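Starting from the known structure of chain L, arrange chain D on it as the hints suggest.
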Amino acid sequence: MQSELQIGQKSAVIARVLVNEADGSPRIEKRARLFDDFIRYVLLFCGIVSIFTTVGIVIVLGRESLLLFSTLDAQGQPVVTLGEFFTSTSWQPAGLKFGILPLLESTLMTSFMAMLVALPLGLGAAVYLSEYASARVQNTLKPVLEILAGIPTVVYGYFAITFMTPLLQGLFGRDTVQFYNTASAGLVMGIMILPTIASMSEDALSAVPRHLREASYGLGATKFETVSKVVLPAALSGIVAAAIVGISRAVGETMIVALAAGAGPNWTMPPNFFVAAETITGHIARISGGDLSYNSVDYNSLFALGFALFIFTLALNLISRFITNRFREAYQ
Amino acid sequence: MMEPTPAQERIKDEQAFAHGLASRHLRGLVWERFFQAAIAIGIIALLALMFNVVNRIFGVIAVQEAIHPSELSDVPLEELTPDQLSALLVEHLPSGARVLVRDSLLGGADNYNANRTLTMGEFLPGVALPEAVAQLTLTDLQPENTQTLLVAAMDKNTLLEEAYSQVVGRDVVGSWPLTEALFNRAAIEAEVAANYPNATLQWNNWLDGQFLVDSMSNTPANTGIRTAFLGTIWVLVLTLLVAFPLGVGTAIYLEEYATGDNWLERFIETNIRNLAGVPSIIYGLLGLAIFVRALEGITQGRTLISAALTMALLILPVIIINAQEAIRAVPPSIREASYGLGATKWQTIWNQVLPAAMPGILTGTILGMSRAIGETAPLIIIGAATFIVKDPTSAVSKFTVIPIQIYNWAKQPGGQFQDIAAAGIVLLLIVLLLFNATAIILRQRFRRNLSA
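Protein sequences, first through last, are from chains L and D. The opening residue of the first sequence carries number 4 in this note's numbering; numbering runs sequentially from there. The opening residue of the second sequence carries number 846 in this note's numbering; numbering runs sequentially from there.
For reference, chain L alone in the conformation it holds in the complex (with noise of 0.2 angstroms):
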């Protein structure tokens, strides 16, 4: 009896407040209903301030390389023309000269070189840790990774030119090689993307199912064989992916190169590695770290190579995704 006296006057209470008492209609719950709508806008505006940063990076970057491709000569012809950028070996600004190659060569110089430390020894270490370790190595083991991996790159691009480079020079003489060159930023540079390609691939071994494995040994496989012939493939796209994010981050990775690298762009074929030469990014960190002119070639051109990058390691970062989303599930 008293209980249910109890509920009656609850209810009553909730009803006062969900209710308007003139109308009837809900009242608190309404004005809730405004403000949440309103919240609703004000979210969905962050959201895109995302797209207005990749809008922004477009537009910019595409409008001063439009500049610069109808900036025009003493003679009215343009100073550079699309086909001559990208074939054209010879990048001098002060000569009205702008062809990507030799930026672009030693860009890929220094990226491959890194991928040739970083691809091995990554991989190689994401197979030790997913594996072979235990589990308490595994847990002492990652946390270096995940050091190396923070570590600013202005720090690496310091090691290489006080350790790296004089290392070099040691093992090969003066003589071969320059104070500056792509090898050395190459080969720190590959130490820097090692633990990304060690822990994207880590998660791409760990993530092939138990029962494959044990199939496999089954089968009498050695553990190495079963590694190598079952969940290496298996893990195969998450590997790839790992890959061509390294590659990507070797491409537009810019205080090692501009540190270690050399300053001034070099056409150098067949490649030399010993010799100083100029990256894209390296170029751009360069030019405009000095006093630069807005609304200058020089300033049009840096904008170019920008876009150029831009794009390079946008497709290489939606080729990975694919690659990752696409293959995923295979094996599960």
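FYI, nobody ran anything at the bench for these hints, they're computed from the structure. Here the structure is a predicted model, which is why all the values come from computation and not from measurement. Relax, there's no trap hidden among the hints.
Here's a subset of chain D near chain L, in silico, CB distances under 10 angstroms, partners left out:
id	residue
1	Trp-876
2	Phe-880
3	Thr-1115
Chain L residues, not near chain D, derived (Cβ > 10 angstroms throughout):
id	residue
4	Gly-79
5	Leu-85
6	Glu-87
7	Phe-88
8	Gly-102
9	Asp-178
10	Leu-222
11	Asp-301
Note that beta-carbon positions come from the ideal geometry of N, C-alpha and C, so glycine has one too.
For chain D alone, coordinates are given in the frame of chain L:
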């Protein structure tokens, strides 16, 4: 030739198998060693990197003095008052210390030549100068004005350093890293005796208290990281103010409101994943064109706020992706319970989901911030000042940050500036370590909360 019997064949097979098994195990062992070596090389690289830095910070330096301090004053220079020190500077320096004013207070010859008509008051807006001095240009400065100016604009430590470097001529003429100082001392002594007969060798530690509180100088022994350290803090705080609400807001929208069948929502989601892979130098170009140039009226060009906005865009994807994961990890039962009690969507998010996801969100934010601490390239592009002695005072101050200073010092090959860069690196790594330790502690608490 006799046909082998089945028994003989089985024996052959078994022998072949046994032989093959041994070589298969051997191959497995060789590869296992390679996998171990791969991770060992990673660890060795990390150790080499740390060793290389520490090696440069400690070591011996050769110090040489042109005049002995006792010839200048009866008491040690440290006991002189700022007035006496500045009098000493004005008396002993050629051109009445005007060059010192130009180089140490006005940002060097280049900066001065670009603004040579400015008065001292206009050059040094943050310094309380006597009226008579504030209205003078550099060329009008007389020795007595210069003395007043120096006392007003420099603290005692700076004056003392200038007295040592400019008047006493105390100069570090050589430096040797720790390993050489320990194992090759005799050769260093011989080299110093041959090249700098007046110099004395002494142990040195570049990462000392003076390095932390000094502002920049063009002599390695007097330079410090204070301006850059303050710049880093300013950039971090401003970046956080912009990136945190935007990032968390986006994550809430994508996780709580988005239905997933809307092209706009899908585009935002894909776009964020792509932005995470854009090289940082591209953000620098974006910042240069938008914040430094297009919005110059608001940001006043190459200033802290331009840097912070650029950094905010750069770390936004990191914050969003981590916040999304944290929000997703909040069990649906919590939301349903809240709806069941009559809460609206936003009340549920604000009172239930966000508090539960906060440790995870903060972890992601710290990861983003630690990326912002180390990023150098975008700030070089938007034009951080390379030589700056004034502390940042507002969001539109000119600025420099720790990694930019490391870059500038490291660029000067062979000299003691590279030792200074090593000191900067250790400071940067310590700051990063503190940030990451906080993130790890938060992450562990987060795990406990959700499992409890």
